[in-house]
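What follows is the residue order along each chain.
There are 2 protein chains.
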Amino acid sequence: MPTDIEIAQAATLRKILPLAQERLGLHEDELVPYGHYKAKLSLPALRRLEKLPVRGKLVLVTAITPTPPGEGKTTTTVGLGDGLNRIGANTIICLREPSLGPCFGMKGGAAGGGHAQVVPMEDINLHFTGDFHAIALANNLLAAMLDNHIHHGNVLGLDVRRISWRRVVDMNDRALRQITAALGGPGNGYPREDGFDIVVASEVMAILCLADSLADLKRRLGQIIVGYTADKKPVTARDLQADGAMAALLKDAIQPNLVQTLEGHPAFVHGGPFANIAHGCNSVMATRTALRLADYVVTEAGFGADLGAEKFIDIKCRKSGLQPSCAVLVATIRALKHHGQGADGLEALRLGLPNLERHVRNVQQHYRLPAIVSINRFDGDTPEEIALVEAACERLGVRCVLASHWAQGGAGAEDLARAVVQACEGSAPPLGLLYEDSDSLAAKLNAVATRIYGADGVDVEPAAAKQLEEVTALGYGHLPVCIAKTQYSFSSDAKRLGAPEGHRLRVRELRLHAGAEFVTAICGDIMTMPGLPRSPAAERIGLDDGGRIHGLF
Amino acid sequence: MPTDIEIAQAATLRKILPLAQERLGLHEDELVPYGHYKAKLSLPALRRLEKLPVRGKLVLVTAITPTPPGEGKTTTTVGLGDGLNRIGANTIICLREPSLGPCFGMKGGAAGGGHAQVVPMEDINLHFTGDFHAIALANNLLAAMLDNHIHHGNVLGLDVRRISWRRVVDMNDRALRQITAALGGPGNGYPREDGFDIVVASEVMAILCLADSLADLKRRLGQIIVGYTADKKPVTARDLQADGAMAALLKDAIQPNLVQTLEGHPAFVHGGPFANIAHGCNSVMATRTALRLADYVVTEAGFGADLGAEKFIDIKCRKSGLQPSCAVLVATIRALKHHGQGADGLEALRLGLPNLERHVRNVQQHYRLPAIVSINRFDGDTPEEIALVEAACERLGVRCVLASHWAQGGAGAEDLARAVVQACEGSAPPLGLLYEDSDSLAAKLNAVATRIYGADGVDVEPAAAKQLEEVTALGYGHLPVCIAKTQYSFSSDAKRLGAPEGHRLRVRELRLHAGAEFVTAICGDIMTMPGLPRSPAAERIGLDDGGRIHGLF
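Chains A and B, in that order, give the protein sequences.
Numbered per the numbering used here, the first sequence spans residues 113 to 665.
Numbered per the numbering used here, the second sequence spans residues 113 to 665.
Hint data in this document are derived by calculation from the structure and do not stem from the laboratory.
Keep in mind that this is a model prediction, so the values were computed, not measured.
Heads up, a few of these hints could be off.
Unchecked claim - Listed next, the in silico DMTMM-like pairs over lysine to aspartate or glutamate satisfying Cα-Cα at most 25 Å (straight line):
| id | chain 1 | residue 1 | chain 2 | residue 2 |
| --- | --- | --- | --- | --- |
| 1 | B | Lys-127 | A | Asp-235 |
| 2 | B | Lys-363 | A | Glu-118 |
| 3 | A | Lys-363 | B | Glu-651 |
One chain only, chain A, in its complex shape (with noise of 0.2 Å):
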């Protein structure tokens, strides 16, 4: 059986500039090529194209609770935009740009898989056209001049104690978690504890990605604070003037990326903000240009509905004012034997179906969406375990569709694309917001933790009550709340499986992100900056003589 990349590599790619003025009737001089096969959307592009009505519909590809190798939501995404093609309904995908972490680390690259993958597959899963460098440059520019301004005088009065402000490097990298920075001497400037996240946790990521324009981008990043002075009072990037040079090293990420399917359709791959410590979403700028481009329009949010799709609804398109139509929920029988922990075959999907269920009302009742269940069909599943799923669907009065992408491409879409477009009849649904704006930044950490993951409750750690107290009385009570949790369950607890009852939310810390616009809780033993595995990918990628790439998975 080949690999990803060997099939990405067989393929045959369009060149992008005749694609997209064929698909998309962009001028080649609205694209900015990087190399053949991959572009930008140039600025003027999108000011010309912001001036278009909204033709699209769009459709939110999310997940049951997943397994670490992931349930294939990138991959129906990809299978799924090609089938509504084949199909003739005119769709693009937005997808959310791959980290280099992951791609050495565990999980491989992050561009689909087998038949349904975007294409240059080892381009977009490494650098791209450097989106996240530039991310990482500004973020770290920002730090550069915040502990230069302390080693210079201190002008603002920044308390090193109180500094919230991280660096980043796009890698998993447990030893910069935490460390001891300017140590050496006077001429190294202030000693003080600090650390990397990676690059996707960063506030200029998150930023980057809700941004609805440059002047957005310019006004949010002046807001990101910082740290604080001794007597509590905060200081931002716009204090230490330096949003003017990290807007001017963004000047070419915020333009949003196409690239094609290998089927030969239109992507845009754009930001990458993770799903359970950041906001889990692609750009705002991408999708709503998308939105003008085409019928259909459809995008991932990352991780499982209890992460992904909530901030899709609550943080990006409360923002955005975006509205989907419909989502797919994509399952797969591995991955709900594996939540039906212990049992054997039949017996174990039957036990972890709940996980399913739970999600499929959470987007029903809650986020109040048309849902239709995707199952990535694996060679190995057997028709009683299909039957098993299909029948749990027929309960809950959700379609239940069988999808083969991953072997056959589009082709293996084609039943889903044509139950979202029947999902997709009639206007879009109002917005299903969880909480209101003036809800405090207590009862919305409650009403996630309640009606989504199915708590019983939200326990905050003093040290994290003390901040949410601080953040209100700096007037941030108003944000919407981003919850960094465990992937892997709906609870904070990454081993409690299923759909799990009577747990609570343990809050450990709350960080204001006062540029993007909310408020993340860090709960349970989630990290911002992962660790390489014992026997890292890194150690099997490689690169012939002639150039090309093997072992990227």
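Go by the hints and put chain B onto chain A.
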């Protein structure tokens, strides 16, 4: 007077693909475009060109000991290239890529100045084609895999007290010079001392610039020594199985970048090792390729001729077989007066002339190159001052040419161009190596210090003396030396201007770069991570709502 960025933004650029086709005979598919005005030469194109005969003469642009703003070496390289093209000599220039560190710090951009610039100036100064980002990640992937290896059982037996591999960031960030990493408990690894260098000081940067092929790049990456076991055996990137993934990250970065000068002539801008802390030359692959495509190739080597030219000859040419035909030594009246410290007017200039004289003698006698002194004219230079420098050159038997490309573009460098054509007549002189591979490392340091720097000798501090013994015992005594010292003096003390005598070169630390294949001797108080000044240039950089950058200079 318009600023550099204003001049650059007012220029009308030619699209790079037709320019490359017309001027270099490269087919569109042999180039990888990055936007419409930047491109990389593809690996297949490099392989095709490698087989062509060398047709070009190689001209080295170097300089007297500079002042902090620089004396216009890059500007002269650009102006001379345009001047040569104007007088009908088919010329390509080969420059180094700018680093973001100085760009946001004090010096500003490094893409030339005035009417002698390479464009698009903002892109080249900021992310360009992502080469530095790729180098940073390859460097930091190795670091992450190293700490990860130790964390997961340390089968290779690395001694955490003897790790030599440091992390990097493309930023002036003094707070990262010296850190304690892996704090916070067993989950974060084994605490140890660590630090960050600026990307241009990374051994990966040196390797990319010295490799003559992808195969050579891979070989060198594998040879990198990251640290030692408790019994002082070296551990390499190959031992950690990191070299394959590092090469994959550098797949695009190894391809030379093509841009244009303000006058529309081709320029390779590729690789950017600093010349004080590294070997300071653009890539061997760019230079070799250019020599197959043009009759003249003009290249620069960083900082004064004591650093740049010495390393160009003793490291880059020694290993690659490149043969320069002549050297242009850039001088400014301003810098010469600066070297006549304390005095005024003509007297300062007279006192500063020995700096020029020593550099001229070095180029002629030690590097054995036909030399031309090029005075980079400033508006305030008086006829008396110019006459004084011309008289000094006449005494030295070296041609002195006035060049005003900064104000006039290539037209201002036509005299210089004609002088260069004349100097290049006849065959290239035999390479003036300062020492033999078989000399001891101590003898090599002594040769550079006494013959080029005018020092009485070398003082190797005890710790460095031990390292020198160890490096030799490990079998690396045959490598060339790369002296890292201040660029502001012939000596290792930045305050000793002019042509100091009686000084001794103080070697503080030796770093073995088994992949780059040289041994760096760190002298005086030079640092491998600069800091930002009190008011960094970044504070004045911004982006308007249309996406235009301002304040970059």
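The hints, checked one at a time:
1. Lys-127/B x Asp-235/A: Roughly 24 Å between the alpha carbons, so the hint for Lys-127/B and Asp-235/A holds.
2. Lys-363/B x Glu-118/A: Distance ~18 Å between Lys-363/B and Glu-118/A Cα, so the pair holds.
3. Lys-363/A x Glu-651/B: Holds: Lys-363/A and Glu-651/B sit about 17 Å apart, inside 25 Å.
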